[in-house]
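K.L.:
Given next are the chains, with one letter for each unit.
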Amino acid sequence: MKVKAIKIIRAFIIDFIIIISVIYILLSILTTENGTSLKEILGASEGILIVISAVLLAGAEVGYRYIRYRYNKRELDLLSQKLNDITEGKKPGHILLEPSDPLYGISRTINRLENKQHDFTKNFTIQQRGYFSLIEYLTIGVMILDQDRKIYLSNHAMSDLMGREMNLQGQIYINEIRTYDLSRLIEAAFSSQEDQHSEIRLDLTNKVVDAHVVYVPVSKHRLLVMVLLYDITELKEIERMQLDFVGNVSHELKTPITAITGFSETLLQGAMNDKKALPEFLAIIHKESLKLTDLVEDILSLSRIDASPELNLKEINLRIYITELLKTFKPQLEKKKIKVFLEISEDYVVNMDQNKLRHVIDNLIQNAIKYNNFQGKIWIDGSVDETSWNISIRDNGYGIPQDKQERIFERFYRIDTSRSRDSGGTGLGLSVVKEYVAAMNGEIILESQVGVGSKFIIKFPMEQDIQKSQKESL
Amino acid sequence: MRKTFNDELNKLHVRFAELGMMVNEAILRATKAFMNHDKILAESVIEKDPVINNCENDLEKMTLELIALYQPVTEDLRDVITILKASSDIERIGDHAVSISHATVNMKGSQRIAEIEIEIAKMGKYVCQMFQSVLDAYMKKNEERALKIAKDDLFLDEELRKIRKRCVTIMQEDSESVISGSYYSSVAAYLERIGDYVTNVCEWIVFLKKGEIVELNPNTRKY
Chain A
1 MKVKAIKIIR AFIIDFIIII SVIYILLSIL TTENGTSLKE ILGASEGILI
51 VISAVLLAGA EVGYRYIRYR YNKRELDLLS QKLNDITEGK KPGHILLEPS
101 DPLYGISRTI NRLENKQHDF TKNFTIQQRG YFSLIEYLTI GVMILDQDRK
151 IYLSNHAMSD LMGREMNLQG QIYINEIRTY DLSRLIEAAF SSQEDQHSEI
201 RLDLTNKVVD AHVVYVPVSK HRLLVMVLLY DITELKEIER MQLDFVGNVS
251 HELKTPITAI TGFSETLLQG AMNDKKALPE FLAIIHKESL KLTDLVEDIL
301 SLSRIDASPE LNLKEINLRI YITELLKTFK PQLEKKKIKV FLEISEDYVV
351 NMDQNKLRHV IDNLIQNAIK YNNFQGKIWI DGSVDETSWN ISIRDNGYGI
401 PQDKQERIFE RFYRIDTSRS RDSGGTGLGL SVVKEYVAAM NGEIILESQV
451 GVGSKFIIKF PMEQDIQKSQ KESL
Chain B
1 MRKTFNDELN KLHVRFAELG MMVNEAILRA TKAFMNHDKI LAESVIEKDP
51 VINNCENDLE KMTLELIALY QPVTEDLRDV ITILKASSDI ERIGDHAVSI
101 SHATVNMKGS QRIAEIEIEI AKMGKYVCQM FQSVLDAYMK KNEERALKIA
151 KDDLFLDEEL RKIRKRCVTI MQEDSESVIS GSYYSSVAAY LERIGDYVTN
201 VCEWIVFLKK GEIVELNPNT RKY
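Sequence order for the protein chains is A and B.
Numbering-wise (this note's numbering), the first sequence opens with residue 1 and increments by one.
Numbering-wise (this note's numbering), the second sequence opens with residue 1 and increments by one.
Since the hints were made in silico from the structure, they are not lab data.
Please note: incorrect hints may appear among the correct ones.
In silico EDC-like links for lysine to aspartate or glutamate, alpha-carbon gap of 20 Å or less [what the hints assert, rightly or not]:
| id | chain 1 | residue 1 | chain 2 | residue 2 |
| --- | --- | --- | --- | --- |
| 1 | A | K404 | B | E43 |
| 2 | B | K108 | A | D403 |
| 3 | B | K125 | A | E61 |
Could you build all of it, start to finish, from the sequences and the hints given here?
P.N.:
This is the structure in structure tokens:
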């Protein structure tokens, strides 16, 4: 305020001096032309008049300048306010000035700048949203770390792979990761400043991932480390399945064929004259060829299911049906002294394809006997609710390790590759079961622990017939 | 000075977290191997144990160096001391995982008792979860959670008592099951011990937060 007042007074004094001197110069020019001296014209009263008029003129001039200044100041304030708003990301209105206004040019430039900036922000938001949702929905696990080893970003797939919430911005990654190999890899990237790559098994989720850790220098003191996890569990599985399949098939085919060729060769070389060996060897050959037949039968039924999924529905009383089935297993049950507990109520009637269901239950009971201990037990149970019905077959036999539980439905897969338990069978039973259950719109659930036993539950929807007829009408 | 100390402390923290991860993996694998009778997995746990021991040695060296060179006080000192103490507890947990794995390897072929296997599987899962939550609580310095985890340990004590009793009855009835029965009770005891060490770590979390040395679950360790 004080400065402002001083400024005004100074301007006023300067104005006053200029006006006085201009009048003085004008007068002196006039007087020299007329030949009179200045002192003659100027009396005391004229002197005062000149000073007063000079004061008034100077006052008017300063006043005018002040008003102009105020006006310009207001416009400038408006413009700077607008620029401030733009930098703060607000959306101020346009400033419209008269074309004659000296600030007209700059006001237009600022308006244009605002438009441009607005477009930029819009594009930026769209790009950023796209980028973030892209990362969020990527099937590859992504985590980005900053130079302080803090999590900057982490996506959904990452949390899924790690089996715990990882999207914790600002947390130090080491506090959240639970896999030693992965944290080693990340630390190696930080210390060597180079990209790292390795295959890692994640214990919590039982997944195998192809892990890339990428080192991205941003500026002198800033950097990013990106952790990319690509789930290759399935790939690994398929790779192994293919290898196993070839191995298993050739093994299954080769064992009976070797026996048949071996024994027939011995017979041809003269053993057929031996009355004792002849029937014995022939019996073996017959048994092995039956095994081959079984195998071919199973392979055929597998391909048949794929080809014809039609269901021949009939009403079945499950208790009677299973009792009937169990009769065929009597010799096997007696041999191993296994007890069967049939816990299905007598009025349990369902609609199902008899042949397909027989195949399924047959196979499951067979396994329950085959992979059971001497004097073991088998429980067969069933229950119905509004939407589905199920049968469960439980044994207290060998049991299946956790990580093999998914694999036993693969074709030719065997848990005990050494075959020391000599259980026979083709190795196709459960895969046939799975295909049949799927053909009947059902699902199969397995609960098992090694040394405790296994429980297979087959579950079918109640509305089998309606679904089918709908499919046919389509 | 402060910056270099912080850097060193961070390094220590990373190494400690790694120890936690390794031991976590060790008990996960050891219990899984025991449940699935998986000799190969059990052997892999035994093989990896020296790495865990090395890590603990590293941590000891690093903490001692840190104390000698920077002479930390108050919260910093608590940080360093807790890592020194907790790391030895965690390393002991790793040793127990190895003992369980040894039991898995040695048990191969002996007669199994189904009902005990179920109980031990339950106990194993419980211990794994407990250890994971104690790591979380440590990293986040969450004292309330630590107190809660310490309470969970009582379940393990109870479970051990139950398994011991059941094993003894079964062994009395059937002499065939003596070998497996004794293994079962020792594995259950290992798991229970792990629970105790987890409680110790909980005590250190409380110390870290409050600076008080407390005894959680006193008078429960009766054998």
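K.L.:
Does each hint hold? Answer for all of them.
P.N.:
Going through the hints against the structure:
Among the hinted pairs, K404 (chain A) with E43 (chain B) is consistent with the structure: their alpha-carbon atoms are about 19 Å apart, no more than 20 Å. Of the supplied pair hints, the one linking K108 (chain B) and D403 (chain A) holds, its CA atoms being roughly 18 Å apart against a limit of 20 Å. For the proposed pair K125 (chain B) and E61 (chain A), the alpha carbon gap of about 93 Å is over 20 Å, so the pair is violated.
When each numbered hint is compared with the structure, a violation occurs for hint 3 only.
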